[in-house]
Structure formats: C-alpha cells, structure tokens
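Those protein sequence lines, which keep their order, are chains S and B. Residue numbers for the first sequence follow the numbering used here, beginning at 3 and rising by one. Residue numbers for the second sequence follow the numbering used here, beginning at -1 and rising by one.
The hints are simulated quantities; they were obtained by calculation from the structure and are not laboratory data. All C-beta atoms in this analysis are idealised placements derived from N, C-alpha and C, irrespective of residue type, glycine included. Keep in mind that the hints are not guaranteed to be accurate.
[As the list claims (entries may be wrong)] Distance condition first, Cα-Cα at most 16 Å in a straight line; then the derived EDC-like pairs of lysine to aspartate or glutamate: (1) B:K165 x S:E211; (2) S:K234 x B:E183; (3) S:K234 x B:E157; (4) B:K165 x S:D431; (5) S:K275 x B:E157; (6) S:K201 x S:D65; (7) B:K165 x S:D183; (8) B:K165 x S:E188; (9) S:K249 x S:D285.
[What the hints assert, rightly or not] Quick look at which bits of chain S chain B covers, simulated, 3 or more residues with Cβ under 8 Å: (10) 231 to 239; (11) 272 to 278; (12) 344 to 356.
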Amino acid sequence: MTHRTKNTHTHRVLALVGSLLIWALGAGSASAELTIRITEGADSAIPVAIVPFAENGGIPAGDKISNIVQDDLAMSGEFRTLPPEKMLSLPSQRSEVYFRDWRLLGQRYVLVGQMTRNGDRVEARYELLDVNREERILGESASASVSNMRTLAHHISDKVYEAITGVPGAFSTKLAYVTLDSANGEPRYRLQVSDVDGKRASVRLESGEPILSPAWSPDGRKLAYVSFETGKPAVYIHELDSGNRTKIADFRGLNSAPAWSRDGRSLLMTLSKDGNAEIYRMDIQSRNLKRLTNHWSIDTEGVWDHTGEGIFFTSDRSGGPQIYHKSSEAAEPRRITFGSRYNARPRPDSRGDYVYYVHQRNGGFHIARTDLSNGEETVLTRTASDESPSLAPNGRMLIYATKHSGTSVLTVISADGGAAYSLPASEGDVREPAWSPVIR
Amino acid sequence: MKLSVHQKAFAMVLSLGLVAGCSSTGDTMGEDQYGSDVSAVDQDGGSTVYGGSEDGGVSASDLTDEELRAREERAEMEAMRNITTFYFDFDTAEIKAEAREVLVAHARFLENNPGQQVRLEGHADERGTKEYNLALGERRANAVERFLIVNGASRGQLETVSYGEEKPAVMGSNESAWAQNRRVELVFE
Chain S
3 MTHRTKNTHT HRVLALVGSL LIWALGAGSA SAELTIRITE GADSAIPVAI
53 VPFAENGGIP AGDKISNIVQ DDLAMSGEFR TLPPEKMLSL PSQRSEVYFR
103 DWRLLGQRYV LVGQMTRNGD RVEARYELLD VNREERILGE SASASVSNMR
153 TLAHHISDKV YEAITGVPGA FSTKLAYVTL DSANGEPRYR LQVSDVDGKR
203 ASVRLESGEP ILSPAWSPDG RKLAYVSFET GKPAVYIHEL DSGNRTKIAD
253 FRGLNSAPAW SRDGRSLLMT LSKDGNAEIY RMDIQSRNLK RLTNHWSIDT
303 EGVWDHTGEG IFFTSDRSGG PQIYHKSSEA AEPRRITFGS RYNARPRPDS
353 RGDYVYYVHQ RNGGFHIART DLSNGEETVL TRTASDESPS LAPNGRMLIY
403 ATKHSGTSVL TVISADGGAA YSLPASEGDV REPAWSPVIR
Chain B
-1 MKLSVHQKAF AMVLSLGLVA GCSSTGDTMG EDQYGSDVSA VDQDGGSTVY
49 GGSEDGGVSA SDLTDEELRA REERAEMEAM RNITTFYFDF DTAEIKAEAR
99 EVLVAHARFL ENNPGQQVRL EGHADERGTK EYNLALGERR ANAVERFLIV
149 NGASRGQLET VSYGEEKPAV MGSNESAWAQ NRRVELVFE
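From just these sequences and the hints, can you work out the full model?
See below:
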C-alpha cells in the first residue's frame, strides 16, 4: 500500500448555485448531477491561494470562476487551497499583492485575476505568482462566451496546474458514465457526459436495458459502448455532436468491451461468434475483423498499450482472470499480474510506465497498478467493491466506481493513490466512468 | 414480479437440496412470497401432489404397477421442469451434480417437443469486472446448452444470452445474494 494520511480537514465543496446548461437528447430526461466531496488529501499537497477574481460589471451571477478553479485543483489531490475568508486581502493584480502576507499564510502560489465583459464574451486576465520568489510564473488573458464560463474556468485550471507541476492539466476534458435509476420500478439506464467535476451533465442515451463500457474515440468526439437495447449485447458508435448512432457489431453471442485504436480507425472488441470470448480488431470503415486471441479460456477487456502496437487484456487461461500483454498482434501473450487470484480490466497509461486494473485481495476488490519496469504491484484504494478504473489523459488522476452505503458512486484518486475524492450522484447509481482524452 | 419468480425457482432448488450451504437464505423467502402458482409442488419434499380433482375418477388400484411407475415418473419429470434456474460457484461454469437430473428432464422434454424454443440466460454476481462477468455469464449459459444437447435437445431449440452482472435476481452485497445471482435461467418461449 502506498502511504496515505487521512486529511482531517474534510471539505465540502460549496453547493454551486445558478442554472446550469443541460443538453438532453431524450425529451424530459433528467441528468444526475454529481457533486464532489473531498474525502482524503495528500500530505504533499501544495498550498495555493485562489483569490476571488475582481468583476468589472456585466458578469453573470452564478458559479464564480475562482471557485471552479479552486475545486479543480483540489480534486487533483496535488493542491491544498486556501479558503477566501482566511485571506488577509483580495488583490486582483500583481501590483496589489503583498507577498509577505501570503508567506505568513503558508502559501506557495497565489492566483489573482479580473473579469471583464466584452459583448457576449467574458475575458479573464489572470496572473499566477510564486510567493517565495516573488515572481510571476504565468500571465494570460483568455475569453469565452458568456454561456461558457465553466469552459474558461477549466482552461485556467489547466494552465495553473501545468505552470506549477510541469504536466498539462486535464480539467477541460469530459467524463462519460452510466447512471441507473430504479426509482419507479422500471430501470432507466442513462449514458451521460459531463465536465470532469460532474457539472454540465447531459444525457446521450436512455434505455430500459443495460448500457456498458463507454469508450472515447481518440479525438473525444465519439463514444463506443455496449447496449442491450435489442435484448442482447451489441457494440455501437455514437457521434456526440450529431447524436448519430451506428450498430457496429451484432454477431451471435457476445459483442462487448470496445476500445479505440490511437488513430481512431479500428476498435478492439470481444466477440464469441466463433465459440468463446476472444478479442478481435475491427476496421471501422470496412468492418473487417482480425482475431487477436485464440484460446479456450475467456479473453476479454482488450486495450491498446502506449505504443499503439501491443495490447493488454484479461484472460483466465491460468485458471482465474489475470492481465496479459502482447507486444504486437502476433506476439505470444505475457502474463503481467501474479499478486492474487483475480486481476482484470487493464488500463495502461500513455507512457508505458504502469498498468492499472481491478484487483481482488482478502475478499475485496480494489484498484491496483503494476510498475511495468519491475513488476511491482501497488494497491491504490481502500474501498472494497471497486470497478472500472479510467485514467485522466495526463496520467495523474484516475476515476473508478465503488459502493458507498449500497449505492454505486464514482471516486477520483491521484494515480499514485495519494488522495481520494468521491463524486456521488444525487439520484441512483453511477457506474462505468470513462475519462475522455483531450478533446480536439 | 420477476423477482418473485426467481425466488420461487430458487426456493424450489433449495427444497430439493440442490444448493448446499444456503440455509440462511431461507429466512428471506417466507412461504407467503412463493405465490399461489406454485401450489402444485410440495415444498417440503419436491414430490408431486397432483391428483385430486384431475384424477378423481380413477383409483390407483386400477393401474398396473408399471403404469403407476410410469405415471409417477412423468409427474416427477413435470415437477422437475418447474425448476428453471441453476446456480454456480464463484468464477466457475461447472454444472453442479445436483442440477444434472433436472437438466436431463428439460433435455428429454425438448427432445419430445422439437418445436419448443428455450433461451438460456447466463448471469454473474456483482463481484469483479462487468466485461469479464459478461463472458462468465456466457460460459455458464454455454455449459448448460452443451449439457442439454448431449441429453437430447437440439441446437436449433436453444439460444444463449449473457447479462453478466447487470440483472441480479436479488439485490444486496452478501454471500446469500451473490449465490442467488450466479445462475443460468431457462426461459421457455
């Protein structure tokens, strides 16, 4: 286990007021709003003060940019933010900053800024200051339409995160997930897409039958998923802008576990049309299939590795499910996990350093990772019914589904297990999270 | 409604002693939940209680021993075919020894009724990953399919589908619920 310390300061993010734009494809379909609750923080969190931005008139009431930035940075687990009521002053530009005050407050960085309305756009001018060196390390003017204030806020979060850590932020990306609402006796499955903080959720597909395994195309514009809407599992591709859907695989037996190639031209999927669960690559244009595994055991949950040439997958050829890697489509599979009887659903990072997966230990299911350079395994979560790990595109955060008081919820952890944040839905179960790539 | 059917089926398996080590589940399924449509089966022994009004004009002594045995056998087969749900251990697709006799009865029935179609729905409990469980549910349905074919059913009568962990018979995160959710259901169409 990695070393973690329970943060005694359990924050609750301010309930955000104001109307949120909700796009729903299904008429009258409500989307489950996720709220973030910070449950643990890392020891090593960097203290940063996000000063409420000054507003020069015409800025719509509602969520404040500084609040959104503060929540984003806190969610990463790498920052500890200072509540505004503890600030000694509220500067909005560098010339108003007394570095000594911020040093006294134990802050390493201060973000100050101001908002100006220009027609139907809002401009933010902001500066990130290094308190110890008394230097500006980031200064920018950025704008967005009035209705996209949240987009602007997540952009600022990305810039601040990168200026301090050297790694691009992932706050402008999206989450896809499935909610299950059984309140009225009839189950309603809803495939939803939201911001990474759970806001601006919109329903993209609603069904009385299960929806599973949403997977983002590399450009972030399409989702592949498994839907049981015809009574049996089939794989669909869903274009998010148009809402157009294509049933891409509907063979006899299983059609499941879609995963995109890096060029977006083919999908890995699990089919059992030839007898039992095997992994195939389908060329999306021609729908030609190539079989990549051939074994009497279950082979499923295929996903490409960081090179785009090899695949990780789950197989129970050793007796129970374990993670395997093939360095090319033709290579012999090599077993990766040995630490327990049950390891499944691999999710490799984009650098080839780690593979993350579901790991059973002492009767519970956790998220674990293996260091691919030395085979060392680390269990990252302490919750006990953990499923569906999905990495942020910068490799620094991971979202997964777990159970909280009998309800399925989403939790974000830092990818080294250092901090945990849960995102419980206000209604029903939330499962199958998938973190989008950087959307192009 | 569907739940009560599952519970009914499970109760029948229980009463036949087909599931070992699940005595605690009996508490959650009182007799009042069985529904009136199961009155044809004696829940204590699983033996038939047919007779009475249907056979009212015929006394047992009018039948030869052979006829009586054949009739009893038929009735037993009928009763066994009321059991349509079969349970599995964690991460296995092995048909339990106790389930074989019942599945043979289903296979004989299908053999004698070639027009009858049946759908084999495979399920897993909630533990582990959804995609692996989807494959596991299929493996269980396939195991039952093969068993039925070996015992007389023809492939064309059978269709398999896996729901993985998506359609639990019983809600809950405990051994009793998991045991009832690792199953294959025969749905006659």
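16 Å limit on alpha-carbon distance, applied to hinted pair S:K201 and S:D65 | holds (11 Å)
Mind checking, does the segment 231 to 239 of chain S have 3 or more residues with a CB under 8 Å from chain B?
-> n = 3 at 8 Å, threshold three: holds.
Take the segment 344 to 356 of chain S, compare each residue's beta carbon with every beta carbon of chain B, and decide whether three or more fall closer than 8 Å.
-> That given contact holds, which follows from 3 residues of the segment 344 to 356 of chain S lying within Cβ reach (below 8 Å) of chain B.
When you check the alpha-carbon spacing of B:K165 and S:D431, does it fall within 16 Å?
-> holds (14 Å)
Agreement of S:K249 and S:D285 with the hint, judged by alpha carbon distance not exceeding 16 Å | holds (14 Å)
Is B:K165 within 16 Å of S:D183, Cα to Cα?
-> holds (14 Å)
Within 8 Å of chain B's CB atoms, at least three CB atoms from the segment 272 to 278 of chain S: coverage verdict = n = 3 at 8 Å, threshold three: holds.
Pairwise hint evaluation, B:E157 against S:K234, where the allowed Cα distance is 16 Å at most | This hinted pair holds, its Cα atoms lying about 11 Å apart.
For the pair supplied as a hint, S:K234 and B:E183, is the alpha-carbon distance within the 16 Å limit?
-> It holds: about 15 Å lies between the C-alpha atoms, which stays within 16 Å.
Given the hint that S:K275 pairs with B:E157, does the C-alpha gap stay at or below 16 Å?
-> Judged against 16 Å, a Cα distance of about 13 Å means the pair holds.
Do the alpha carbons of B:K165 and S:E211 lie within 16 Å of each other, as the hint requires?
-> holds (9 Å)
Within 16 Å, alpha carbon to alpha carbon, are B:K165 and S:E188?
-> holds (12 Å)
Hint compliance for this structure: no hint is broken.
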